[in-house]
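K.L.:
The residues making up each chain are set out below.
Protein chains: 2
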Amino acid sequence: MVSIKDVAKHAGVSVATVSRVLNDKGYVGEETRKRVEKSIKEFNYKPNEVARSLFKKHSNTIGLIVPDIMNPFFPELARAVEDTATKLGYNIILCNSDGNREKEQAYLDVLQQKYVNGIIVSSNTLTAGQIEKLNIPVVSIDREISKGLPTIVVENKKGSIVATRYLKSKGCRRIGHIRGTRAVVNAEERCEGYKEVVGKEPWFSESYIVNGNYDMQSSIEATIELLSLHPEIDGIFAANDIMAIGAIKAAHQLGKKVPEDIAIIGFDGISLSRATIPELTTIVQPIYELGEIATKMLVSLMEQQPLEKTYFILDVELIERNST
Amino acid sequence: MVSIKDVAKHAGVSVATVSRVLNDKGYVGEETRKRVEKSIKEFNYKPNEVARSLFKKHSNTIGLIVPDIMNPFFPELARAVEDTATKLGYNIILCNSDGNREKEQAYLDVLQQKYVNGIIVSSNTLTAGQIEKLNIPVVSIDREISKGLPTIVVENKKGSIVATRYLKSKGCRRIGHIRGTRAVVNAEERCEGYKEVVGKEPWFSESYIVNGNYDMQSSIEATIELLSLHPEIDGIFAANDIMAIGAIKAAHQLGKKVPEDIAIIGFDGISLSRATIPELTTIVQPIYELGEIATKMLVSLMEQQPLEKTYFILDVELIERNST
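First to last, the sequence lines map onto chains A and B.
Take the first sequence: its letters are residues 1 to 324, numbered as in my numbering.
Take the second sequence: its letters are residues 325 to 648, numbered as in my numbering.
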């Protein structure tokens, strides 16, 4: 491999001068700069990125911590982050935390030791204190950690109100809710939205809410439990699409037709919400935009560019398909 | 942050000695080593990983190049790679190439400049020549690049023979094939397996094969085209699960019942093959094991440990569900 020494020798300058040209730091005469640039081009010299990160104290790398890349929401988000990061000259290190506090802290430690320039994290256990200790920019995505941190989320409560009202408008008289993982902020918000619409109805009790853990299999079991306890239910709002798919499967197992006997609506708008028959009516998040804005915001923070705002709440949209 | 100087001062030794202890290189007296280790522990000193990578010419990082993390096969693979890498002390940099030759080369360049220790790649455009130029270990996964390279794939042809024979055994008399992306090795192999079973039947012609591009939407269109041309088809082998899900949707649109009017079988065994009604009969790959073995093999190569073999072909298994 060509080294910086070869380039310096060819250009007739010192290694320090080549380094100044490469890093665009310190004075280099116009004539000399041109000669060095010509040599770099001729040799097709690629500077050693690790040496440069050490010099610049960063590595052109962004850490991305998600609970689990196998939850179909996160590949769509990761793709957006990676696309945007690549365009801006950064790579991403992918970390699966399983929402586990210790794993998250271990990843934060390793990422900081590797001089990543910044971190995008979707967490429900990290605290503002843990983040502030890091001394590098962190953007919280999909789940708010603290109002004071750079954050991008969606209108979870509003979307859930829209979803539940929509079921009512379709004639549903008893509406159940499959909630997401306990202690996850967006699961709480979506549950609140649901309760805001039906919580004061005379028929309502907490037993209309079951926990589907943001997972298909858990949702199948939760839905079967819910419909056994309340066979009168004719509408279900599931807090994400994968659980809504589970609810459709459970209804089918119980011999109930969707949407004739029971209407089902999800949340997220992942590509797979179109995989089922009937296709899923859902509250669509702009997932790609979420990842894109988070990455741009993080890079701006890393590069110390001015930012108009560091807290984004993106809107969501009802998409009617055939499950309601 | 605590520096190596603080540790050296506290232990009453030189920075070079602390470095020798940290990197386990060069002679350090037993007494001294213990004193240094005690100071490291007391200060909770975390060595600067970037400086260490420069010293060791690597960064405890593995590059993972996949076509698209949004294709549901790859999150399952990425999860296995990341889990295994983390256990062995490595992080992964995720790269989406879209199967594009230029993007792949650009990622190889960047990853090498970052001193990643090795690369796992799923590619159908890279050549053995491009890989050999890299001077770091590369493991090819899911798609063979060259017999000479460390590789892990599955029994694509054999699995496809099993799938097609199975449709015959279920009484299908006209079997169509939704093939994967052209020029992708495993798509070719799966198509060959299909042809080996039905290619010599009197009814067979190339028009029983359509291209679904390993994608749900393309498969819906391809299946509608196939069933319009050959309404007599009563069985379809799709070269992956996402296309099989597309085929189920297309059959439904055309008013055909699955499996009564038409039996459909997929390939991969992704979690989402259970999301449909009916659940998909499929040829299951050991996806997690694929990622796990690839990562272990790569780390062994990186750490110059002896390897019994560098070419793995894993077996696949027919799982009967309700789409056939």
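One thing to keep in mind: the hints can contain errors.
Unchecked claim - Distance ranges between label pairs, derived from CB positions:
1. B/LYS471 <-> A/GLN217: 39 to 49 Å
2. A/GLN130 <-> B/SER327: 17 to 27 Å
3. A/ARG321 <-> B/ALA430: 45 to 55 Å
4. A/SER3 <-> B/SER327: 20 to 30 Å
5. A/HIS230 <-> B/LEU631: 56 to 66 Å
6. A/ALA16 <-> B/LYS457: 42 to 52 Å
What the hints assert, rightly or not - Derived pair list, reagent style DSS-like, types lysine-lysine, alpha-carbon separation capped at 25 Å:
7. B/LYS427 <-> A/LYS87
8. A/LYS257 <-> B/LYS581
9. B/LYS580 <-> A/LYS103
10. B/LYS481 <-> A/LYS133
11. A/LYS147 <-> A/LYS309
12. B/LYS580 <-> B/LYS494
13. A/LYS103 <-> B/LYS365
14. B/LYS370 <-> A/LYS133
15. B/LYS620 <-> B/LYS457
16. A/LYS46 <-> B/LYS427
17. A/LYS257 <-> B/LYS494
18. B/LYS481 <-> B/LYS524
19. B/LYS349 <-> B/LYS362
20. A/LYS296 <-> B/LYS427
21. B/LYS333 <-> B/LYS358
22. B/LYS457 <-> A/LYS5
23. B/LYS494 <-> A/LYS133
24. A/LYS103 <-> A/LYS25
25. B/LYS457 <-> A/LYS46
26. A/LYS41 <-> B/LYS411
27. B/LYS427 <-> A/LYS41
28. B/LYS581 <-> A/LYS256
29. A/LYS133 <-> A/LYS87
30. A/LYS256 <-> B/LYS580
31. A/LYS103 <-> A/LYS46
32. A/LYS46 <-> A/LYS5
33. A/LYS34 <-> A/LYS133
34. A/LYS5 <-> A/LYS41
35. A/LYS103 <-> B/LYS349
36. A/LYS103 <-> B/LYS524
Unchecked claim - Here are a few chain B residues that face chain A, going by a calculated C-beta distance under 7 Å:
37. ASN415
38. GLU456
39. ILE569
Hints were generated in silico from the structure; no laboratory data involved.
The beta carbon of each residue, even a glycine, is placed where N, CA and C say it ideally should be.
K.L.:
Next, verify each hint and record whether it holds.
P.N.:
Now the hints, each set against the structure:
The hinted range of 39 to 49 Å is satisfied by B/LYS471 and A/GLN217, whose Cβ atoms lie roughly 40 Å apart. A beta carbon spacing of about 22 Å between A/GLN130 and B/SER327 agrees with the range 17 to 27 Å that was offered as a hint. Between A/ARG321 and B/ALA430 the beta carbon distance is about 39 Å. The supplied range of 45 to 55 Å is therefore violated. In this structure, A/SER3 and B/SER327 meet the distance hint of 20 to 30 Å, their C-beta atoms being roughly 28 Å apart.
Range check, A/HIS230 to B/LEU631: Cβ separation about 58 Å, and the 56 to 66 Å hint holds. For A/ALA16 and B/LYS457, the Cβ-Cβ distance of about 30 Å falls outside the hinted range of 42 to 52 Å, so the restraint is violated. Annotation: proposed proximity of B/LYS427 to A/LYS87 holds, straight-line Cα distance about 12 Å (limit 25 Å). Using a Cα cut-off of 25 Å, the hinted pair A/LYS257 and B/LYS581 holds, with the two alpha carbons roughly 16 Å apart.
Restraint check for B/LYS580 and A/LYS103: not satisfied, since their Cα atoms lie roughly 48 Å apart, outside the 25 Å limit. Between the alpha carbons of B/LYS481 and A/LYS133 the distance comes to roughly 53 Å, so the proposed pair goes past 25 Å and is violated. Under the criterion of a C-alpha separation no larger than 25 Å, the hint pairing A/LYS147 with A/LYS309 is consistent with the structure, at around 12 Å. Proposed proximity of B/LYS580 and B/LYS494 is supported: the alpha carbons are some 17 Å apart, at most 25 Å.
Straight-line distance between C-alpha atoms of A/LYS103 and B/LYS365 comes to about 21 Å, which keeps the hinted pair within the 25 Å bound. The suggested pairing of B/LYS370 with A/LYS133 holds, with an alpha-carbon distance near 15 Å, which does not exceed 25 Å. Under the criterion of a C-alpha separation no larger than 25 Å, the hint pairing B/LYS620 with B/LYS457 is consistent with the structure, at around 22 Å. A distance of roughly 17 Å separates the Cα atoms of A/LYS46 and B/LYS427; the hinted pair therefore holds under the 25 Å criterion.
A hinted pair counts as satisfied when its Cα atoms are at most 25 Å apart, and A/LYS257 with B/LYS494 does not qualify at roughly 28 Å. About 17 Å separates the Cα atoms of B/LYS481 and B/LYS524, which keeps this hinted pair within 25 Å; it holds. With a C-alpha separation of about 18 Å, the suggested pair B/LYS349 and B/LYS362 falls inside the 25 Å cut-off, and the hint holds. Simply put, A/LYS296 and B/LYS427 have alpha-carbon atoms about 21 Å apart, close enough for the 25 Å limit, and the pair holds.
Restraint check for B/LYS333 and B/LYS358: satisfied, since their Cα atoms lie roughly 15 Å apart, inside the 25 Å limit. Only pairs whose Cα atoms come within 25 Å are accepted, and B/LYS457 paired with A/LYS5 is accepted, the gap being roughly 21 Å. Between B/LYS494 and A/LYS133, the direct Cα distance comes to roughly 63 Å. Violation of the 25 Å bound is thereby established for this hinted pair. Proposed proximity of A/LYS103 and A/LYS25 is contradicted: the alpha carbons are some 39 Å apart, above 25 Å.
Between B/LYS457 and A/LYS46 the CA atoms are separated by roughly 15 Å; this keeps the pair inside 25 Å, and the hint holds. Simply put, A/LYS41 and B/LYS411 have alpha-carbon atoms about 41 Å apart, too far for the 25 Å limit, and the pair is violated. Note on B/LYS427 and A/LYS41: the hinted pairing holds, with a Cα-Cα distance of about 21 Å set against a maximum of 25 Å. Among the hinted pairs, B/LYS581 with A/LYS256 is consistent with the structure: their alpha-carbon atoms are about 18 Å apart, no more than 25 Å.
For the hint linking A/LYS133 to A/LYS87, the alpha-carbon distance of about 29 Å lies beyond 25 Å, and the restraint is violated. At most 25 Å may separate the alpha-carbon atoms for a hinted pair to count; A/LYS256 and B/LYS580 meet this at roughly 21 Å. Proposed proximity of A/LYS103 and A/LYS46 is contradicted: the alpha carbons are some 35 Å apart, above 25 Å. Using a Cα cut-off of 25 Å, the hinted pair A/LYS46 and A/LYS5 holds, with the two alpha carbons roughly 12 Å apart.
For the proposed pair A/LYS34 and A/LYS133, the alpha carbon gap of about 43 Å is over 25 Å, so the pair is violated. Our distance criterion of 25 Å between C-alpha atoms is met by A/LYS5 and A/LYS41, whose separation comes to about 14 Å. Of the supplied pair hints, the one linking A/LYS103 and B/LYS349 is violated, its CA atoms being roughly 30 Å apart against a limit of 25 Å. A C-alpha spacing of about 56 Å is found between A/LYS103 and B/LYS524, which places the hinted pair above 25 Å, so the restraint is violated.
Hint status for B/ASN415: holds, given a least beta-carbon distance of 5 Å to chain A, under 7 Å. Nearest Cβ of chain A to the Cβ of B/GLU456: about 14 Å, over the 7 Å cut. The hint is violated. For B/ILE569, the interface hint holds, since its Cβ comes within 7 Å of a Cβ in chain A; the closest pair sits about 5 Å apart.
Checked against the numbered hints given earlier, the structure breaks hints 3, 6, 9, 10, 17, 23, 24, 26, 29, 31, 33, 35, 36, 38 and satisfies all the rest.
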